[in-house]
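Number of protein chains: 2
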Amino acid sequence: MSTTVTVTNGMEEDYLYSPDILNELNFDHCLATYKPPISHRYPGEDLLMRPLCLSDYDRGFIQLLSQLTKVGDVTKGEFEDQFCHMKSCSDTYFITVIEDTSSGQVIGAGSLVVEQKFIHHCSARGRVEDIVVNNQYRGKQLGKLLVDVLTLLSKKVGCYKTSLECNDSMVQFYSQLGFVKEEGQNYMCQRFKD
Amino acid sequence: MSTTVTVTNGMEEDYLYSPDILNELNFDHCLATYKPPISHRYPGEDLLMRPLCLSDYDRGFIQLLSQLTKVGDVTKGEFEDQFCHMKSCSDTYFITVIEDTSSGQVIGAGSLVVEQKFIHHCSARGRVEDIVVNNQYRGKQLGKLLVDVLTLLSKKVGCYKTSLECNDSMVQFYSQLGFVKEEGQNYMCQRFKD
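Chains as they are written, first to last, in my numbering: chain A, 1 to 194; chain B, 1 to 194.
Errors might be hidden in some of the hints.
As the list claims (entries may be wrong) - Examples of chain A residues toward chain B, derived with CB under 7 Å: (1) 71; (2) 72; (3) 78; (4) 85; (5) 86; (6) 116; (7) 121; (8) 167; (9) 168; (10) 172; (11) 173; (12) 179; (13) 181; (14) 182.
Treat the hints as calculated values from the structure; they're not laboratory data.
No residue lacks a Cβ here, since even glycine has one placed at the ideal position from N, Cα and C.
With the sequences and hints as input, model every part of the structure.
Laid out in structure tokens, this is it:
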């Protein structure tokens, strides 16, 4: 599948992964309920869900991430280098964004990262990471939609399981999306720098 | 750095990642204490620590993994395809094994998987996965050595943090290697198949 497509306004977009994978997702299998009903095909008025694009640096993607955690000054060149590194790893990075087409700004983002395994018959496992929605777009079910879509994507691309880490206050949120705290399982970490 | 090198017996080996990265590791910064002293350069008599090789299918690598979890029947072709997929993702898969050179069998293995990020100034995070030591080689500090080496590797290749998941009985083991259960952080998972 091609990951460079011509969009309706005649501009070519360089997508991190093929939009076809996202478009072909069957949202009948989504795990949450949405009131009003939204989906990856219609996240809301003027909103568009799609793979991260190389041009999203100019649509405020880095500024959006800074609402989540420390990002620092990332130049356009650094962004493009990292984008190309990710894209060169096939079937690995499925960073998905929501654009407000009225402002041309990226207002939501989330990552599915897929790890290839030898165990489970050379299977793969997914991880949902770095979910963020612009402060001004909260309460529109967009965080839930991003996690739901990334989880469905992980299943579609063959993951035998998908996991995430979250703080205590988010456990209930992720529970409604099918995530379970497995008895006796611990998450441990060590940090080398901020 | 080349990842295909000529070994002393004249055979060419195809490594998953460059052995130079492993060899250049400064083990003075290891986190555990070893009695007797071992390291990545000398894991024990007749033992060799090195990156996973394409030829390790014939050295019992898959059988070793089956001591860890479900693997299933993986053919040589499936192994090679997955190996090549992993290798095509640069700076991502650092699967490291211990070979008993007297038997030519792989008797220990562990994975460092590196995820590229945009956050933390386009940094990366590491994950230690799938640590296994052959039953007959337990009590030789090899599991500890594998985790220690993979953690040092993660720091060397630029990860700002490295994490793992483990069950309750292993928390103390990983604590001595610098891993911490962070207050209020939860690991959640959903499984799609066995």
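Notebook entry, point to check: Against which earlier hints does the structure fall short, listed by number upward?
Noted result: 10, 11
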